[in-house]
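Work out the full structure, taking the sequences as your base and the hints as a guide.
Protein sequence lines, in the order shown, are assigned to chains A and B.
Taken in order, the first sequence gives residues 14 to 218; the numbers are from the working numbering.
Taken in order, the second sequence gives residues 1353 to 1554; the numbers are from the working numbering.
I should point out that these hints are in silico values taken from the structure, not numbers from a laboratory.
Just to be clear, a hint being listed does not mean it is correct.
[As the list claims (entries may be wrong)] Covered, in the sense of this in silico footprint (three residues per stretch, anywhere, with C-beta under 8 Å from a C-beta of chain A), are these stretches of chain B: (1) 1389-1401; (2) 1433-1446; (3) 1519-1530; (4) 1539-1546.
Backbone N, C-alpha and C define an ideal beta-carbon position, used for all residues, glycine too.
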Amino acid sequence: MPSYKLYYFHGRGRAEPARLMLAAAGLPYEDVRIEFERWPEYKPKMPMGQAPVLDVDGTMICQSVAIARFIAKESGLAGKTNMEQARADMMVDGFGDMVNKMADYVWYEPDEAKKAEKKKTFYDTTLPEFLGYFEKLLVANNGGDFFVGDGLTHADVFFLSLSDDITAEKPDVLGPYPKLAALAERIKTYPGIKEWLAKRPKTPW
Amino acid sequence: MPAYKLTYFNGRGTAEIVRLVFAAAGISYEDVRLEQDKWPELKPKTPMGQVPILEVDGTMLCQSNSIARYVAKQAGLAGKTPMEQARVDMVMDVMDDMGKKGNAVFWEKDEETKAEKKKEYEETFLPQFFTCVNKLVGDSGHFVGDELTLADITYFNTTNLVGNYFKLPNMEEFSGLKKVTEHVTSNPGIAKWLKERPETPF
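Spelled out as C-alpha cells, the structure:
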C-alpha cells in the first residue's frame, strides 16, 4: 500500500474533491493542512509552487483534478472503460467550468460592486444553463442514479463538492433539478464519504 | 475501427489539441468546421451547449481535454500506468492554467488594464511559469516516460496558441522544453498536420 500525503490549506477549496475521493476509496492518507504563514516553506517543494499536491511514496502530483482522477483510478472508481472514463471526465470538466466562474467573483474580483454584479449573473444565467445540461446528462445515464455506469465515479464526487459550494450560498438552488439534488443527497451517505462529512474540520471555505 | 467525428468552428482554439492527438496517433477522423450561422441549430443538441464535441459510436463527448485524453488513451499516448497518467494529466492542467490566464488578458475589455495585464503576463508570469514547467521535463526530453504523450503535445499546442498573440520569452533558455518541442514537431503525423492544417485567425 503506497503512502499518501495530501498538502493543502486549512479549508475545503480545491482539495476537497480529492479528500472525498480518498474517503470513498477507503484509502488512509495524511491530511496536511498548511497555515498560510508557513506556506513559503512548502511552496518551493511543490511541482508548480501551488497546492493541492498529492505525495505518493515521494512522487508529487499537483492539479486538483489530476489528483482526484488518480485516486479514483487506483480504487476502480474512475469508470470501467475508456468511454466511461471520458464521460466522467467531461462531467468533471463541466463542473470545473462552473467552479471557475464562481471563483472569479468569490476570490478574484476585488471591487464590491462588480463582485455583486458577477454573482447575480452567475445565479441568474450561468448556473441555470449549466445545471440544466447536467440534469439532462444525469437522467440520460439510465435514469440518473450516477453520472456514469452503475456505480460511483469521480464525476459524482466532484458534483457533491460543487453542490456543497452552491448550496452554501443558496440552499434551495437545486430545487428545479430533482435528479441532481437526489444524487447529492445519496452520495453524502456513500460509505466512507458519510464518515468523512461527519468528522471533517468545519471551515468557512 | 469506430468512426470519429470532431465538430468545432473553423479554427484551432480548443479543438486543436484533439486534432494534434489524432495526427500523432495516425487515427483518421471527420474534421467538421462549423460556420457560425449553423451553431444555434447544433448548440441544444450538444451535451453542454459547447464545442468541440466528438461523436463516436453514437456517443457525444464534450470538453476538449476529456476528448483529447480519450483519443490519446485509444492510441496509448496517455501514459502507461495510473501514476504516469496522473503526471500527464497534471501537465495538461498546468498548461491549461497558462492558456486560461492568457485568455483572460485577451478578453479584458478596458484597453489600459489589458495593456498592463499583457505586460505582466509576458514579462513576469510566462518566464516564471516556463522556468517551473521546464523542471518537469525528464532527461528523455519528454514530460512523462521516454515516449511522446499527451503531456508533450499539450505543452506544444498551448505554447503555440499563446505565442500567436503574446510575446514569449526566449525559449532557448529552457532546454527541457526545447527537447519536448523537437519531439512533438518531428513526430511524423504531427509534422504532416502542421504543414497541412488550414490557416485560420484563431
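request  = Quick one: see if chain A covers the segment 1539-1546 of chain B, three-plus residues with Cβ-Cβ under 8 Å.
outcome  = Violated: only 0 residues of the segment 1539-1546 of chain B have a Cβ under 8 Å from chain A.
message = Please check whether the segment 1519-1530 of chain B has three or more residues whose CB lies within less than 8 Å of a CB on chain A.
response = As far as the segment 1519-1530 of chain B goes, the hint is violated, because 0 residues have Cβ atoms under 8 Å from chain A.
inquiry  = Quick check: do three or more residues in the segment 1433-1446 of chain B have a beta carbon closer than 8 Å to a beta carbon of chain A?
reply    = holds (count 10)
Three-residue Cβ test at 8 Å for the coverage of the segment 1389-1401 of chain B by chain A = It holds, with 3 qualifying residues against the three required.
Checked against the numbered hints above, the structure breaks hints 3, 4 and satisfies the rest.
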